[in-house]
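Start counting the sequence shown at 4; every next residue gets the next number (my numbering).
Since the hints were made in silico from the structure, they are not lab data.
Idealized CB from N, CA, C, for every residue including glycine.
Misleading hints may appear alongside valid ones.
The calculated BS3-like cross-link candidates involving lysine-lysine, where the alpha carbons are at most 30 Å apart (straight line), are [as the list claims (entries may be wrong)]:
1. Lys33 - Lys106
2. Lys60 - Lys8
3. Lys53 - Lys33
4. Lys21 - Lys8
5. Lys88 - Lys25
6. Lys5 - Lys25
7. Lys75 - Lys25
8. Lys68 - Lys25
9. Lys8 - Lys88
10. Lys88 - Lys60
11. Lys75 - Lys33
12. Lys33 - Lys8
13. Lys53 - Lys88
14. Lys75 - Lys5
15. Lys33 - Lys5
16. Lys5 - Lys88
Cβ pair distances, simulated, as ranges [as the list claims (entries may be wrong)]:
17. Thr22 - Arg84: 16 to 24 Å
18. Ile86 - His35: 32 to 40 Å
19. Ser65 - Leu116: 13 to 21 Å
20. Leu116 - Gln9: 20 to 28 Å
21. Arg40 - His64: 17 to 25 Å
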Amino acid sequence: MKFQKQLSQLISTDDIIKTIPKIEIFSCAKDHNHFNRRLQQRAINWDMIKLAIAYGKFQYHSQAKTWTLLDKSLHYTPYERFIDKLRGLRIIAVNYSFDDTLKLSTAYWAYDLRR
Numbered sequence: 004m005k006f007q008k009q010l011s012q013l014i015s016t017d018d019i020i021k022t023i024p025k026i027e028i029f030s031c032a033k034d035h036n037h038f039n040r041r042l043q044q045r046a047i048n049w050d051m052i053k054l055a056i057a058y059g060k061f062q063y064h065s066q067a068k069t070w071t072l073l074d075k076s077l078h079y080t081p082y083e084r085f086i087d088k089l090r091g092l093r094i095i096a097v098n099y100s101f102d103d104t105l106k107l108s109t110a111y112w113a114y115d116l117r118r
C-alpha cells in the first residue's frame with residue numbers, strides 16, 4: 004500500500020486528530036491561492052497538516068503559531084514508521100483568530116531537520 008493511503012487510513016481512525024480545532028485557509032488580498040499552490044508544489048496534503056497540528060511541536064514564532072513534526076513527536080505513535088517521510092513538516096498559522104479556528108497561512112519542509 005502506498006504511503007498516502009496508509010497515512011489516510013491511520014488518520015481516519017485517530018482520536019487525537021479528531022479533536023483538533025477547525026482549520027481555515029488565511030488568504031491575502033494579493034494572492035488568494037497561495038496556500039493551496041504551496042501545498043501542491045511541496046507535496047503536502049491535508050492529512051499531513053492535521054498530523055502536524057495534532058502531534059507536532061508547537062511554538063510561537065514572530066507572532067505566528069507554528070507546528071513542526073520532529074522525530075521525537077512521532078515516536079511511540081502509529082506514525083512512527085513514517086518518520087523519514089514526515090520529518091521537518093512545518094505549519095504556520097496566523098495568530099489573530101477570534102475563536103478556536105486555526106487560520107493557516109503556509110506549510111513547508113524545514114530541510115535543516117531532514118538531514
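To see whether the hints hold, each was checked on the structure:
1. Pair hint Lys33 plus Lys106 holds up; C-alpha atoms about 17 Å apart against a cutoff of 30 Å.
2. Between Lys60 and Lys8, the direct Cα distance comes to roughly 24 Å. Compliance with the 30 Å bound is thereby established for this hinted pair.
3. For the hint pairing Lys53 with Lys33, the CA-to-CA distance comes to about 26 Å; that is within 30 Å, so the pair holds.
4. Between the alpha carbons of Lys21 and Lys8 the distance comes to roughly 18 Å, so the proposed pair stays at or under 30 Å and holds.
5. Our distance criterion of 30 Å between C-alpha atoms is met by Lys88 and Lys25, whose separation comes to about 25 Å.
6. Restraint check for Lys5 and Lys25: satisfied, since their Cα atoms lie roughly 28 Å apart, inside the 30 Å limit.
7. For the proposed pair Lys75 and Lys25, the alpha carbon gap of about 25 Å is at most 30 Å, so the pair holds.
8. As the CA atoms of Lys68 and Lys25 are separated by approximately 15 Å, the hinted pair is consistent with the 30 Å bound.
9. With a C-alpha separation of about 14 Å, the suggested pair Lys8 and Lys88 falls inside the 30 Å cut-off, and the hint holds.
10. Taken as a hint, the Lys88 and Lys60 pair is honoured in the structure, with Cα atoms around 17 Å apart against an allowance of 30 Å.
11. With a C-alpha separation of about 38 Å, the suggested pairing of Lys75 with Lys33 is violated against the 30 Å cut-off.
12. Proposed proximity of Lys33 and Lys8 is contradicted: the alpha carbons are some 34 Å apart, above 30 Å.
13. Between Lys53 and Lys88, the direct Cα distance comes to roughly 15 Å. Compliance with the 30 Å bound is thereby established for this hinted pair.
14. Simply put, Lys75 and Lys5 have alpha-carbon atoms about 24 Å apart, close enough for the 30 Å limit, and the pair holds.
15. As the CA atoms of Lys33 and Lys5 are separated by approximately 37 Å, the hinted pair breaks the 30 Å bound.
16. Taking the CA atoms of Lys5 and Lys88, the gap is about 12 Å. The hint holds against a cut of 30 Å.
17. The hinted window of 16 to 24 Å between Thr22 and Arg84 holds, with their beta carbons roughly 23 Å apart.
18. Taking the beta carbon of each, Ile86 and His35 are about 34 Å apart, inside 32 to 40 Å as hinted.
19. Checked against the hint of 13 to 21 Å, the pair Ser65 and Leu116 passes, with Cβ atoms roughly 18 Å apart.
20. For the pair Leu116 and Gln9, the supplied restraint of 20 to 28 Å holds, since their beta-carbon distance comes to about 22 Å.
21. Checking the proposed 17 to 25 Å range against Arg40 and His64 shows it holds: the Cβ atoms sit about 23 Å from each other.
Hints 11, 12 and 15, counting from the list given before, are not met by this structure.
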